[in-house]
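Top line first, the protein sequences correspond to chains A and B. If you want the numbering used here, it's the 1-based position in the first sequence plus 127. If you want the numbering used here, it's the 1-based position in the second sequence plus 467.
FYI, nobody ran anything at the bench for these hints, they're computed from the structure. Idealized CB from N, CA, C, for every residue including glycine. Treat the hints with caution; some may be incorrect.
Claimed, not checked - Simulated restraints on C-beta separations:
| # | chain 1 | residue 1 | chain 2 | residue 2 | range |
| --- | --- | --- | --- | --- | --- |
| 1 | B | Pro834 | A | Ala134 | 40 to 48 Å |
| 2 | A | Ala134 | B | Thr821 | 29 to 37 Å |
| 3 | A | Tyr177 | B | Glu1061 | 53 to 61 Å |
Here is what each chain is made of, one letter per residue.
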Amino acid sequence: MEGRIKAHPILEFRRGKRVKFYFEDREIEAYEGETVAAALQANGIRVLRYTPNTKRPAGLFCAIGKCSSCLMKIDGVPNVRSCMTKVREGMHVRRQNGRGDVL
Amino acid sequence: MKSYETIVVGGGPAGMMAAITLGSKGVKTLILDENDELGGQLVKQTHKFFGDHAHYASVRGFEIAQKLQEKIFQDTNIEVETSATVIGIYPNKMVVYAKNGKEFKATYEKLLISTGAMEKQLPFINSDLPGVYGAGAVQTLMNEYGVMPGRRFLIIGSGNIGLILAYQLIQAGAEVRGIVEALGKIGGYAVHAKKIKRLGVPIFLKHTIVRAIGNESVLGAVIAKVDNNFNIIPGTEVEKVADTICVSVGLTPLSELAEQAGCKVEYIPQLGGYVPVRNERMQTSNPDVFIAGDLSSIEEATTAMIEGKIAALEMSRNFIKIAANKKNIENEINDEIKTLALFRSGPKSAKIRTGLEKFGINIKHVPKIESYGVQIGPTGKLRAIVDCTEEIPCNSCEAACSFGAIHIGENLNSTPVVDYDKCTGCATCVTACPGLAIHMLKEDLENSTALVGIPYELLPLPEKGQKMWALDEDGNYVCDSIVKRVVKYPNKTNIVYIEVPIEFSRKVLSVSFPKKESPFVCRCEEITLDKIERVVDSGITDFEELKRLTRVTMGPCGGKNCKLVVLGILSRKTGVPISKLSHGTSRPPVKPVEFSLFMKGSDPT
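Just chain A, same shape as in the assembly (with noise of 0.2 Å):
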């Protein structure tokens, strides 16, 4: 997989076994333990959402959950912290489109 740091000096990443999501119905690989913003951003993909009045692309920006840039529609929720989410196995991420459906 792209975008994932193989060999550290001080660090050694022990990553959790693999499981499979899809971001728009496409596929992507991630480990257990890290969030769906992690997971995308190491697949290359950095737009998150499209802004609710100027239709801009939006990414992730503090990865903390507390600026609310990342939020996505997550196995049909929308307004969801994508970098406060931990992936499962099987679930559907997709941009949101401005500010998400009440219902």
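Based on the hints, put chain B in the right spot on chain A.
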């Protein structure tokens, strides 16, 4: 709904230390954190921390988090709730949090809020473009998840976070194109800045970012010079190629929950923004609510831990009935306040001191800070050279030296003094120094060489006998060197000893693998300039011989592309003008044609 004597909101260094302290005093405590493990931002810090032995100096951030976690899990007085997002605090001493999609409530008698901080925004054109990250986000991706979000990085802001990020990116194998800083000087610690300068990262002072370039993702940036009022100087704009921009222009406290808990807040820019009003013992305007860590002022994890301890000790007084124990706690609090004052007595804490004065908290009666320059020591002896001249709160070298050869003294902001009679050349201080500011040196006057021992935290690790480049303080090439010895240490700050000519003994501060990039001269046969030069340097000065040895000019183009370039190299190396050199013999076919052409024979007409 559960009730607790104390609740701690936020499990970073301040909250963890508070919980440990409360637990140790027998106070029933709940610690809540949004992440699935405790540690806050320590978990993504790979560098060794400054400070003193009692506060985990020389220990890497993520390892401090592990040590604190162990203490918390051992204590039955402490209940831990992770993946628990506190969404509000209500007047009836109730904390409401969300976990696994459900709402939970808990009440407290005393509350500690240690929610930390978040990154400040810097609006520039396209600052919302995917690929512009907060510096902390990139640290999270790299160091927690092992994910590298880009290849070429530009960092905005030269505070400690920006400087540390640059170093961490290089450790993880990325390229850092530079750090942009609007001020005329570097914001963070000098030792952090020197670490990355030695690796060749430029720092653009008095510059700002004008815009990010790209449509759906960052492709580059425009930076420009600024005047003393931070206005962009027209005409100084330059484009930088980068696929990722990291913003690290400071942090601002997250005071929302404190406000909900009835704490009065004030805007104090020196402390980072809106901060709860509090006294020396971390008690806010609501006597039942305490704060600690970045929420009270943007500082280091060390001061956050001390604040957490002070707050917890003060909170625990409420639950202790025996007078003698109360008195002991009073003494402990006073000791911690003194330690904290010591940490904040250096020049780098001037801003914090000014901010705290607005709450009537003054730092007084600290031992004097003594400063010394870099000492060279006796020539010819294997010894430590300490390049640490900025007064920062750290005495890890003094603590590391078991021979008493390094002295810092009572105020840990003082700079180190080396007693070279006592220095044995063991290099323990080199591997302990969080700033990588110590290296080893031994001159050999007989052979006119010097042995330089450089702390090394990159991959791959050089090997004995390897030829390396020796670099100066800005990462510029100084001379070639040979690796004489590589010493590995358990803390992963290894030392690479290289031999250099003696005249460079004071100039060499860094080491890198030789950069092998060389342009292709012969594109058909893929021969580089470097290869041709090496063959010529070995004594081959005849064009025909050069051809046979390298196959240069012998590919499908028949030398049309490269013959003149090769002759130019030969001429430059030998001093013989091209007109006097043999340029080989041209033979048919001059263009590539099919073999079948010859097999069919000549045209009968």
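*Which numbered hints are broken by the structure, listed smallest first?*
Result: hint 2 breaks, nothing else.
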